[in-house]
Every structure is written in structure tokens, then in C-alpha cells.
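Chains A and B, in that order, are what the protein sequence lines are. First residue of the first sequence? That's 18 in my numbering, and the numbers climb one at a time after it. First residue of the second sequence? That's 718 in my numbering, and the numbers climb one at a time after it.
You may find that some hints are simply not true.
[What the hints assert, rightly or not] Pair ranges (Cβ atoms, derived):
| hint | chain 1 | residue 1 | chain 2 | residue 2 | range |
| --- | --- | --- | --- | --- | --- |
| 1 | B | G881 | A | L202 | 36 to 44 Å |
| 2 | A | E132 | B | F849 | 51 to 59 Å |
| 3 | A | L202 | B | V1220 | 50 to 58 Å |
| 4 | A | Y131 | B | L1105 | 40 to 48 Å |
| 5 | A | L202 | B | E1287 | 47 to 55 Å |
| 6 | A | R64 | B | V1021 | 44 to 52 Å |
Source of the hints: derived by calculation from the structure; they are not laboratory data. Quick caveat, the model's predicted, so the values are computed rather than measured. Each residue gets a CB set at the ideal place from its N, CA and C atoms; glycine is no exception.
What follows is each chain in one-letter form.
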Amino acid sequence: MNQNQALPIPANDPFGKATTGKLGMWLFIIIDGLSFAGLLIAGAALRASAPSWPAAGELLNIPLTAFNTFLLICTSFTMVMALNAIQKGDQAGLKKYLTYTMAGGLIFLGIQVYEYYHFIVNDFLLNTSIYSGVFYVTTCFHGLHVLSGVIYIACILYAASKGRYSADNWDHVEILGLFWHFVDLVWILVFTVIYLI
Amino acid sequence: MSNSHEQSFWSKYIFSLDHKVIGKQFLWLGIFFLLFGGFQAMLIRWSLSNNMEPLPWWLLGDFLYQSSPVGAGIIGPDAYNQLFTMHGTIMIFWAITPILIGAFGNFCIPLQIGAPDMVFPKLNMISFWTMFLASVVLLFSYLLPEGTAAGGWTSYPPLSTPVGGIPGQGQTMWTLALTLAGTSTLMGAINYITTIVRLRAPGMDYFKMPLTTWGLFLTSILNALFVPIIAAGLIILLLDNIAGTQFLVAGSKATIPGGDPLLYQHVFWIFGHPEVYILILPAWGIVSDLLSVFARKPAFGYKVTAICMCTITALSGVVWGHHMYTTGMSPLLGKTFMFLTLLISIPSSIFFLNWLGTLWKGALKFDVPMLFAMSVMWVFGLGGLTGLYNATITSDIYLHDTYFVVGHFHYTMAASVLFGGFAAIYFWFPKMFGRDLDPTMGKIHFWGSFIPLNLVFFNMMVMGYAGHHRRIFDPSEFEFLKPVLGLNDFMTTSAFILGAVQVLFAFNFVWSLVKGKLAEKNPWGAATLEWTVDHPIPHGNFSATPQVVNGPHEYSHPSLKDKDWLAQSEPLPS
Ligand SMILES: [Cu+2]
């Protein structure tokens, strides 16, 4: 079977006109979301049984991470703009907005690394306490998602630079967008649970 | 769609994108580990009956455990712990999972729904090779100086953590291997679900799908929902093992306050209970279809069976606490879990009755797949009934961690799932490889498995009721076990017969592959779509997309003349 051949969508499909690739990505997002749920609930359970737990803002730098959160929300916006551009056939716009999104993701990671560095020199390590462990595991798991997202954007950007996408071929961009929005959305949850509550 | 282009050996047999080849790869992997894990069971039985005696030559006593600290060729207590840990892990995640889900999921789903292939063939290939990598990591742990993981297949902390646990890196390798295997399973789940949603042939409604595909579909949904949870648990366990965290460590040995070993048990069983259904749902589906084929009549209550399977799938997510009654759970919570667990027996009984309904007044043909399918009814019936004693708090508190539990889950998992897998292998072998498995050897394999298996597993429950704890090294040490030690030896002898007969199966498999009788296109007269394709099945499966008009079990329709079945894509003769 030809890999690139678009598969027909059966009549009366309850999932409407969603392409098969999109369906696969949705399933992946559910799976990935559940693994985040597993980590967040495990963190909450550890917190519930912990003898003490630092208050919000006591150890973590909330303003810096709030800026990071804002930045990630902005990249969701540029991702929408990228899809919007290619749906109109604007190849240059697609590349421009994908680059912005990727840059945003890289800055996010940079700030996270800075934050980690700051903690590490102050002896706040993975095995310092249950609290530090939960912090590192959850944020690092999310950071790895941002990193994969950045690599994923780079791949799509490469294909875009070869002129792969057009006004009637943007499915891969939309699927990339789904993943990126998911990574953003999960961050808002992680930020709330780890930093704010 | 059938573009039979030239392919190199590598792209045809090794890095194949064809679901049929990938299915066979999973089958080979599964059978290898089935024999491997089965051999470990033989060593366990030897040790239980002939404690601290050197292994005989026929258990490879001249090669194994030569540098054992308790004497050459002798299984010591540490080695024994490793044996039962790896036996459980391998049988569940490396033998029956690849056979039932990997092999038959891949082989059957596209063929049974009339699809040219899986929807994501590359993902499918990566899924197999991830599983292969997981196997390499797992086998590598046998080379470690301290040996493999030894904390039981459940790997509860503190046994599985470096603080107060078992020394060595075996647990780390175990955790890594299981994470990889889980990743492979998840890739499969995404593929199977999307394929079933998207690639059903015209007319193939959900309620026209064969029950095998139904079982595999529900299994994939459970995998997608619950494997991510254990993945989170495995990450935490891995960090405790390699990064010095103590998320799962408590008590006087903990240097970081606030860890919680019970957290792991919750996470493990939130996944672990659905895992039981992940394994048995495909077997249920296969048995439901096979009973219909070999009774030559439509499956009784087909739709009800499918709906019951869906109900069980939903319920399986909310009963995990029945594994943890003895952890100091609040009585209210315990009773809730008990009630929900017992609720599962209602849909299970309904479809069990449907199986009997299928057989009732059928023209039964006792071919080897049918023998295995019917034996599943027996072993699953016993496994299900004994489950009630484990689900009920009052009896479970006595039976917990005894051989009663071991017998129960061997009846459900080892016997029901494995016999379902054997039924599937005997049934689809002709379609997979174009040759029949030898039926005489098949029948010897069946009776040689069925009788000793019951003698072993039933007596496990008797031993458990007598108080035999599931993980003790030497039962002869205990005064209260003295009266049942004869039974213990009898079980060991039965287990050796059971093991020897599996060698016959492996021989039959390889022999029939080369020398077996060439198979007909539809040797069993089955109605599902996979029997309408010629072998060897071309890459792309169907020469024309089938139009489905019938349900999956059109047998003995009164208007049929020269044959008694109607393929799903074949209109009734007017
Ligand atoms: Cu259970």
C-alpha cells in the first residue's frame, strides 16, 4: 500500500472529516495526557502524605515561570498563524510562523535550563526531598515534550522549506499544531499544580 | 492496491511494513519467550520439590548455575527469587502479550475487517522493533553479576528499590525493558484502534465485526488508557533505582522523609487489573468465534457478547483495590472495590452462557482448535469462579499471597489466555503459513497439556488453602505443610509432563512449517473475511475491496446447498 496515498474516510464516520493521521495524533494525545495524569496524581498523593510541603513561591521563582507560561501561550498563537498561513497558500508565512514557534519553544527550554542551573548550584537537587523530586520529574517530563515538539517543528519546517505544503495539503501542519497545543495546555496544568497551588 | 513490487530480503522479512509479516515476527518472539519462561517454571518446580538438590541433566544441570554460591547446579534462594520474578514477567509481557495481541492482533485485524494493511505500517514496524529492543534489554539482565530482578513480577517496593531492596542492577534493567515493552504496546494500540475506526470495508459495521476483532479492539482501548499510568509508575521506580530519589521508600531506612511504597501498588494495579482483561479479551473473542465455526451455527447472542465485553472493559478500570485488601485499606473503600469486582461476574456469566448457547444443539467438530477453545471454557470457568474467593474480603484476607491466588491467576492467565492463543495458532496457522499443523501431534499436545495443566493448577489452589505461601523457597521447612508435600511432588511431576508436551508443540510448529500438508483456502469452512483470500496472501491482502453483507457467523443457513457457510462478503443465493 502506498504510504502517502490518502486513505478514504468511511461514510457515517463518527469522527467526521478528521484525517487518519489526525485521529492517530488524538489517540497519542490521550495516551500522553494520561501519563501526565499519572505523574501529577502520583505527585499529589506524595504531597498529601508528606510531613511538610513548601508554600507556593517559597522556593520556586513564580514571576520567571509566569513569563515562560506566557511565552508558551504566545507560541500556540503563532502555531495557529502558521496553519492559517498555509491554508491560504502562504508558504513564506508558514515558514515565518513556524520559526517563531520554534524560537519560542527554545527560549522556554533555555529559561527552564537557567532555572534548573540556579537550583542545582543552590543544592536543590532531584534527591534533596520528595518535593524537589516531584518538581524535577514533572517539569522535566514536560520539558522533554517541549524538546520533542521543537524537533518535530524543525522536521515540518524542513519539509516546508522543500515546498511540501500548499493550500490543499496542510494536514501535517495541523497535526503538528495539535501536539504543540497539547504541550502548551499540559504546561498550564503543570504550572498550576507545581508552582501555584 | 496489490502492488506486488520487488522487495529485498531485508524489507520483506526483517523491516517489513506488512502486517502479516509483523504478526509472524511477534509470533516467533512470543513462542521463543513462551518456551524460555516455561523452562523457568520447570526449574521453579524442581526447586520446590527437590530443594537444594543439583539439577538433573534434562533440566540442563551441567550448564546452569555452575557458579552458584550453594554448589554447582543448585538453585539457591536468591536464584529462586529471580526465577519466579522472571517467569511471571516473561510469560505475561513477553509470551502471551506478543502472541495474543502482537501476532494475532496484527494478523487478524486488517484481514477480518477487509483492510489492505494497518493504517500506520511504519509505526507497526517500529512497534515490533521496540519490543525486540525490550527483549534484548531484558535478556541482558541475565548477564549482570547479581543477576536479574528478583522482587516478583509485581516488583513492589521495598524489594524493588535500592534502599532495603535486592542488590544489583537487575531491577533497573527490568524497569527499562518493561517501559520499552509498554511503548511498543502503545504504538500497537494507536494503530489497532485507528485501523478499526477507519479501515473497515464497506458494510463492515461495528456489529458485523468478528468477535476476535472486537476483543482486540477493546484490548487496545484498555492498553491506551492504562499503560500510560504504569509508565508513570515505572519512571518513578526507575529514578528510585538510578537517581537516588526515594519516592517509594518509607520507614527507618529512608533518608528522605515522605516516600510512599503504597503509591507504587496503587499505580501498578490501576494498570495491573486492566492488564488481566487486556490479555483475556482477545482470547474471549477468539473462543467466541471458534465455538461458532466448529459448532457450525451462528454465535449465540453475538451482540450481547460484544456488549458484555464492553461492559467488562469499562468495569475493569475501577476494581484495582481488590489486590490491596491487606494494605490497611478503609473498610468502606474495600467493600466498594469488592462490590465493583463482584459486579464483573454478571457480564462474564452472560457471555459464558452465550458460549454454551452457541454449543447447544450444534454439529460439533472436534478439531484441535475447537478442543483448545472448549478447554478455555473449562479453565476460564474455574479461574473465574475461584476469583470470587479472592474478590471477597473475608476469604481474601486468608487466601492473600498463598498458592490459592497463584492457582487462580494461572487458571485465568496461563491457562485461559494461553489455550486461547493455542486455539488461535492451530486455527490460523494454515492461513498464516499455507500449511496445516499436524493434527495428530496437535491432539497429543492438547490432551498432554490439558490434563497435567489442571493437575498442577488445581492443586496449587489446594496447597494454597493449606497455607502454602506463594514465594517461599522450601515448603518442606514448615510443619503445617508436611501433610501436602506429597501433593507438591505430584504437581511437580505433572508440570514436567506439561513442559515436555510443549516441546512437542514447538517441534510440530517447525515441522509443519516445512513438511506440513498444504492447506486449502478455507480448511475450517469459516465465514470471516480472512478465509476469502488466497495464500500466499499478497501485500495488500484483497484483490478488490470486499463488500460486506453478512454477519461474521453465517453457518448452516437453510437456503445454502453445496456448502454450509457464507463468507461475510458473499450474498445469499437467491
Ligand atoms: Cu484484579
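Here is how each hint holds up against the structure:
Distance hint check for G881 (chain B) and L202 (chain A): the Cβ-Cβ separation is about 40 Å, which falls inside the suggested range of 36 to 44 Å. Between E132 (chain A) and F849 (chain B) the Cβ separation comes to about 38 Å, which falls outside the hinted range of 51 to 59 Å. The hinted range of 50 to 58 Å is satisfied by L202 (chain A) and V1220 (chain B), whose Cβ atoms lie roughly 54 Å apart. Here the CB-CB span from Y131 (chain A) to L1105 (chain B) is close to 58 Å, at odds with the stated 40 to 48 Å.
In this structure the supplied range 47 to 55 Å holds for L202 (chain A) paired with E1287 (chain B), their Cβ-Cβ distance being about 49 Å. In this structure the hint that R64 (chain A) and V1021 (chain B) lie 44 to 52 Å apart at CB holds, the actual value being about 45 Å.
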